[in-house]
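Residue 66 is where the sequence shown starts when you use the working numbering, and the numbers rise one by one after that.
One should not assume that every hint holds.
[Unchecked claim] Derived EDC-like pairs: lysine to aspartate or glutamate, alpha-carbon spacing no greater than 20 Å straight-line:
1. Lys303 with Asp329
2. Lys237 with Glu323
3. Lys407 with Asp424
4. Lys237 with Asp329
5. Lys401 with Glu316
6. Lys155 with Asp96
7. Lys222 with Asp265
8. Lys283 with Glu231
9. Lys383 with Glu304
10. Lys202 with Glu183
What the hints contain is simulated information worked out from the structure, not anything from laboratory work.
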Amino acid sequence: MKIGDPTYHGAEVVLPAEVIDSISIHVMQFDQYQSSLASCCLVNRSWYAGFIAGLYAYPIITQRNFEYFARTLSSPVTKKTKVGLEHLVKRLDLSSIAYESSKSLTARLLGRVKNSLEFFASPAITFSLTSLAPLSKCYNLHHLDLSADGYQLGLGKILATVSHLEQLSTLKLPTDAFAVQPEVASLMWPPNLRFVQLTDRLPNSSKNWDDVLRSLPKTVTTLRIHGCLNYDSVARLKECEPSDNRVSRLEIGVSRDEAYMPFDAITTAAFPALRYIAVPAPSLIPPATAMLVEPIIKHDGIEVLELTPIRDVGPPVKWEFDDFNTIIHSFTSLYKITIAEKNVRLDAGQQLQLTELLDSRLRTDSVSQRRARPGFLIWSGAL
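Generate the whole structure from the sequences, applying the supplied hints.
Okay, structure coming up:
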């Protein structure tokens, strides 16, 4: 982005602050806004004052620019002149960083930005025990993503660090959070948490699942199992005791070792408030008609089923009319199905028939259902 005539040497043209703010808002709508904001900061002092906050509030950090970013924010304690830009940082996403940082540098960066930080995604490898102390002081934190790696910290230590953060609504746990099953007394979650993500290692017994689900605050409405080593741990949910958690949305990702998910594990005992479930499209076939009639009847509260696409090694799995028909008649409250185009084998007449069947279940008195675009939805999956 080029601004102004490089040969102009006259008096500085000062724009009103309102105009500069409008330009800043416009620039931030584009994909390459970071480089544009950086260029704007070089025009003059008034432009610098108007654009510097946007440049550092949501920095895009890569392996190439991390060293310069870290050097600017984590200046030595003995340095007399402080830049003060650390107070502008609201989002610190280090998920693309690994060996470019160090454990001490990651902790130091967290300590610098703790007063303004609202979003933090940890780097691979270099998030450690030393980062927990500054993380515990990020009182404005809304989103915490530790899923880039396993840090050998244990779920108990992580929750002890963040349990008092009242603004925290999203928590994505490290991949080894359940490598050692936590004690019940250590399961003290942030009070206003709404979204929890588990990755790779999961609770390894029904008792451990019971402890986790019962300990969740009533504010948690979404539980995501981003991926897992195998579905054995998911199958343990079938043996859970009745719980009073308020999880209404359950998202289950791909297993490394198994193709088919034990759908009968998703019971009303484990998830009494469940309304929305997302599972990989291939994980319920073959065929849905043989696998699902008996298990699904056990949970008739599900209203939305999302069949997510995955990266296929061979030809993608195709859902046919009989598979969808079985699903719809087994889920007595189901009014919406979404699936990627590559996982569907239906003609136009069959699509219309399924859509009409789902539409007939729509409650006219439910505002949330009308807004959810009910019916049979097919989209072009990118995977």
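Evaluation of the provided hints:
1. Lys303 with Asp329: holds, 7 Å
2. Lys237 with Glu323: violated, 23 Å
3. Lys407 with Asp424: violated, 23 Å
4. Lys237 with Asp329: It is violated: about 26 Å lies between the C-alpha atoms, which goes past 20 Å.
5. Lys401 with Glu316: holds, 16 Å
6. Lys155 with Asp96: holds, 19 Å
7. Lys222 with Asp265: holds, 18 Å
8. Lys283 with Glu231: holds, 14 Å
9. Lys383 with Glu304: Answer violated: lysine 383 to glutamate 304 is near 31 Å, above 20 Å.
10. Lys202 with Glu183: Status holds; Cα separation ~12 Å.
The structure fails to meet hints 2, 3, 4 and 9 from the earlier list, while all remaining hints are met.
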